[in-house]
Amino acid sequence: MLDLKKITQALGDLDEKNLLDMLNEFIASGPTVEEAREVVAACQEGMTLVGDLYEKGIYFVGDLIFSGEILTAALALIKPVIGAVNGPKVGTMVIGTVQGDLHDMGKQIFKNMAEAAGFEVFDLGIDQPVSAFIEKVKEVNPDVVGMSGVLTLSLDSMKDTVEGLKEAGLRDDIKIIIGGSPVTEAACKRIGADAWTINAAEGVRMIQGWVS
Amino acid sequence: MSDPMTVFNEKKERVVKTIRREETDKPPFMLIADDYYPYYAGVEKSAVSSFEMATDVVAKVSDDLQYDTTLTPWMPANLMYGPKIDILGGGTYTVRNFEKMQDPEKVLIMQADEYPKLIQDPINYLLETVLPRRFEVLKDINPEDKYKRIVQGVLGEGQKTQSYIKACEEKGSHIFMSAILVNPVDYLFDLFREFTGIVSDIKRCPELVRDAGLTLFEGYKPMLRGLKPADDKAIFIPMHLPAFLSPRDFEKTYWPSFKGLADYLVEQGHNVIYYFEKKYEHLFDYLQELPQKGVIGIFQEDDLRLTKKKLGNTMAVAGGLSTTLMQHGTKQECLDLVKGLIEDLCPGGGYFLAPDTPMMFQVDARPENLKAIADYIKDCKL
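Residue numbers (full-length UniProt numbering), protein chains in the order written: chain A, 1 to 212; chain B, 1 to 382.
Since the hints were made in silico from the structure, they are not lab data.
Keep in mind that the hints are not guaranteed to be accurate.
[As the list claims (entries may be wrong)] With a straight-line cut-off of 27 Å between C-alpha atoms, the simulated BS3-like cross-links for lysine-lysine are:
1. B:Lys331 <-> A:Lys189
2. A:Lys56 <-> B:Lys139
3. A:Lys189 <-> B:Lys278
4. B:Lys279 <-> A:Lys56
5. B:Lys84 <-> B:Lys26
6. B:Lys259 <-> B:Lys26
7. B:Lys381 <-> B:Lys371
8. B:Lys309 <-> A:Lys56
9. A:Lys159 <-> B:Lys45
10. B:Lys279 <-> A:Lys17
11. A:Lys17 <-> B:Lys252
12. B:Lys221 <-> B:Lys26
13. B:Lys309 <-> A:Lys159
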């Protein structure tokens, strides 16, 4: 059996080649579904290491994005063994960049980390109108809605989205987190969100707290 | 009251001295704004259909705020970018509601395994392989027409833009930017590989990213030779990728062509103004190695006092006027901010009071707050 600590460490070190070599060897050995699930969990722990290193200022956003790429490649290798890579789902989330803003990166980082933490994430994409959030919330009944934006203008769109969710009678059933460079405590209050962050790892910890 | 030309020349002198990191008679104020101009002037963007009308908008704001310089005048997207986009039949940029926007989903047109082709023969690779992927109109046309169309698309109605800038200056608004460039590795990021692509390349094949950057830098040189330097102006280079890179990745991939281009531009007599978007403190050791004259840095999120302390012997710094505070704070809070900046950063010269973020939207400052700041600066003597 594969040394799971080495898997976790390789992902934490962003050592793609080493990780994929180990996984290819593992797949070739004909593992059981249970063993494969343990490897997925080890990869998820590796993503936690990446998040910790980011919080300590050792890793940067580029490292976070690359860790998501490595995780995707690793899960693609394991998927044939277990059919689907989803472990136990800890919660459901709808995420999107709000109307008028085409920035994708922050949302993508948050999505990668939330998925690695066991959330099922429905990504609406960029430049999403209020109606898109409302429709998706009605459809999937998530625990959390995440709104992302980089432009100062996005704060208004976030406020409009929260208002829209209120008017649709959906606000009380969900928690809302907002993220992006213009977001502050004061903006969070004005917008009517439950939490704000400019740090994906911190944000994921917050939403974990909501569903635990 | 002094005549307009005298006032303009005084502003220009303040700008030149600040670039040289010399002290000035009063705090130098650089506006960094785009679509905020028509908002402040109380003009609907849709009502502005000519460069003459746009010039009046800039003049109105300049007269009211009496800034020393503006990084750019208002760049009305429908006049400046629309025609360029049409020449190339679309692409990654669009003009929507009179704003230029880039669609991130259309950026990725170069594959990771194509770096060797770019490095070996950049012109051929760009003209024959990559650009036709983005612009349908470049497919199946003869090389001469293709080249002409690209030049038109890049330069657009360049002469009109130059005339517009001249007209703005004739009406009293000093324009800081002489041209805009992006660093070579940002060029790959912004136009060809998008974010996930470029950061993955940086991890998987750093030498190829570095060499592609150096190849593009060599390709910039002939284009740059036509630019005339001016001691009161600078080439504007917005920095995109480095804020997201570790120092190690930055040094291996981005730095060689960035440093090469900075040295080259300054050797040619140009000033260079960088916009350091987000935080750059982790790269200050490198920035200290930029040319010791002719460099200005606008800092968005870094502590400006620390920045000036660390980089003040290398470059002039700009920023500090929080757009968030200008929108949500009181007039008194804005005045307290500007007083503190002047007190701490103006001694010794080399500091432009400027917004920390380019002002693009109505929400970037309440006009009365910006006006209060501008009036305070105007009446302040050092």
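A quick look at each hint next to the structure:
{"no.": "1", "hint": "B:Lys331 <-> A:Lys189", "in the structure": "holds, 21 Å"}
{"no.": "2", "hint": "A:Lys56 <-> B:Lys139", "in the structure": "violated, 49 Å"}
{"no.": "3", "hint": "A:Lys189 <-> B:Lys278", "in the structure": "holds, 23 Å"}
{"no.": "4", "hint": "B:Lys279 <-> A:Lys56", "in the structure": "holds, 15 Å"}
{"no.": "5", "hint": "B:Lys84 <-> B:Lys26", "in the structure": "violated, 40 Å"}
{"no.": "6", "hint": "B:Lys259 <-> B:Lys26", "in the structure": "violated, 33 Å"}
{"no.": "7", "hint": "B:Lys381 <-> B:Lys371", "in the structure": "holds, 18 Å"}
{"no.": "8", "hint": "B:Lys309 <-> A:Lys56", "in the structure": "holds, 24 Å"}
{"no.": "9", "hint": "A:Lys159 <-> B:Lys45", "in the structure": "holds, 24 Å"}
{"no.": "10", "hint": "B:Lys279 <-> A:Lys17", "in the structure": "violated, 31 Å"}
{"no.": "11", "hint": "A:Lys17 <-> B:Lys252", "in the structure": "holds, 19 Å"}
{"no.": "12", "hint": "B:Lys221 <-> B:Lys26", "in the structure": "violated, 37 Å"}
{"no.": "13", "hint": "B:Lys309 <-> A:Lys159", "in the structure": "violated, 39 Å"}
Going through the hint list in order, the structure does not satisfy hints 2, 5, 6, 10, 12, 13.
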